[in-house]
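Peer 1: Here the protein sequences come in this chain order: A and B.
The opening residue of the first sequence carries number -2 in this note's numbering; numbering runs sequentially from there.
The opening residue of the second sequence carries number 5 in this note's numbering; numbering runs sequentially from there.
Fair warning: there could be bad hints in the mix.
Claimed, not checked - A partial selection of chain B residues facing chain A, derived with a Cβ cut-off under 7 Å: (1) N70; (2) T72; (3) A105; (4) T108.
I should point out that these hints are in silico values taken from the structure, not numbers from a laboratory.
Glycine included, every Cβ here is placed at the ideal spot set by N, Cα and C.
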Amino acid sequence: MKLKIKPATRRSFVTYAIVTAAFIAVEVAASLGRTSNMFIGLLIPFCVYSIAAVSLNLTVGILGELSLGQAGFMCIGAYSSAIFSCMTKDTITNALVRFPMALLVGGAFAAIFGVLIGIPVLRLRGDYLAIVTLAFGEIIKNVFAALYVGKDSRGLHFSLTSSGDLGLEPGGKMIINGALGISGIPKDSTFEIGFVVLMLTLVIIYNFINSRTGRAVMSIRDNRIAAESIGLNITKYKLITFGLTAFLAGIAGALFSHNLAILQASKFDYNLSILILVFVVLGGIGSVRGSVIAAVVLTYLPEVLRSINSYRMLIYSIVLIVMMIFTSNAKIRGFFAGNLMKLKAMFGKQTAAKEGE
Amino acid sequence: MALLEVKKLGISFGGLRAVDDFSISINKGELYGLIGPNGAGKTTIFNLLTGVYKPTDGSITLDGVNLTGRSTIEINKAGIARTFQNIRLFSNLSVLDNVKAALTNRYTYSTVTGIFRLPKYFSAEKAMNEEAMKLLSVFELDGEADTIAANLPYGKQRKLEIARALATSPKLLLLDEPAAGMNPNETAELMNTIRQVRDDFDMTVLLIEHDMSLVSGICERLSVLNFGQLLCEGKTAEVLSNPEVITAYLGE
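Chain A with its partners taken away, still in its complex shape:
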């Protein structure tokens, strides 16, 4: 008897398998000493960008709305988790306890902002939504760049003007020093934790897509009027999706900030939002696996090309164009899909023949 697996289930398990295989391969190569320092340094960014891209794909591919605020949500996640870790690193000494909590704090704060911003913003569609989310990301970045937070025996102090304004006691400690950012964040991010978080993200996203809520969201994307006619509450489902995107982006930000010696808001500018959108678009809008692959390839490429620095951006842009053609041109996709079918048919015949023997 042939076991019947739903195509959606198969798709998700193939992705889990690819990511796990890549993880094991890297771990093995690292233990054999076959990896360069540059590559090791990129492992956590791979996870961060994959999570950010996959979660943005939820809004862009599944909900069908263009959001350019991903860096803003990552920024919120990065800062809130970093503040949490800086405040608790003396009391909770075990990083394996503290870091998951920090990740959740980062995700939760980003999700709160996601929902708060989503309420007014999700009434807009298309370009307008993109413009507003872009502005939101910039506002968040600039607010954090101007924020001073200090801690002393009387509690937390905030200021938006200067560190002197905080009026810290002599024994007090700066946590955020304006544009200089946060230093002394415990370096809790590891590739192993990044891998686990990425896997959890993938499971959450695939399960979300294949649930009642995900179906409702995709219905709204495909035809809003028909979705309303079958009684789907458009605003509610949009908010859930936007909130989940923000939550996962916040977690990506938290993973990112705990890998840095100094966290500065300037890292979360609109270039980062655009970069993540590029991962999503080139990986194929709506394709979770594509987002992960594009994020990894396009994070790795500029670093590899550093040795031929003058041609770096040239090659990078050629790769972008080639990927764009491959993922969006129906003819080329059809050509490959057709050949794949032929191959499958060939193998199918072979296995059928073997069974007949």
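Based on the hints, put chain B in the right spot on chain A.
Peer 2: Leaving out everything else, chain B in the frame of chain A:
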């Protein structure tokens, strides 16, 4: 008492009176037709009944519940489902998922349950699958449950839209030109399907149609609309032989 009771319904778009003083009363289990020349306001009436437009005057009552001015979502929950003149399927979803999307409000579990695949997810999904397959088999679409909706042939897309509307378990089904673009064979088949839907689901159906073979074949009563106003109503055969109706359609 009638299932759907519409009284003196009217809507103006700026200076244009699209529908004026329109009243209709449909009994439970009836197959009712709404006909009229192009631009008479038939689809506008459907949009008023389903809350896409808010009426400027008049009232809509379904099964004793006043639905005037309610939102599309509330009206669907109260029991009116519809199909569209230009097919509106969830074209990137599978045939099965199109129907399951319409079951969203009937088999509920939270988003968190869905993400963590708690036991309720599996029981609800199983019930949804069974219900959806049952509906699809009525329309002989169960063999194509995994096909992407956009890849279905035209006639089947029309059927899927009806199946999706029925999945919300409505009291009243509105069909907007179900036979548009169908050949005579497909139309004949559709007539059987509509009759079967009425009998099997104990459904009340209001349909807009230009194909007179379908109208005279299955509708028990008709209302004729011309320039946004009710021209006449009554038993199908009587209405279709009314000289005023013939003039409205064919001119003097």
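Peer 1: Compare the structure with each hint and give your call.
Peer 2: Hints and how they fare:
no.	hint	verdict
1	N70	violated, 18 Å
2	T72	violated, 18 Å
3	A105	holds, 4 Å
4	T108	holds, 5 Å
Against the hints set out earlier in the document, violations occur for numbers 1 and 2.
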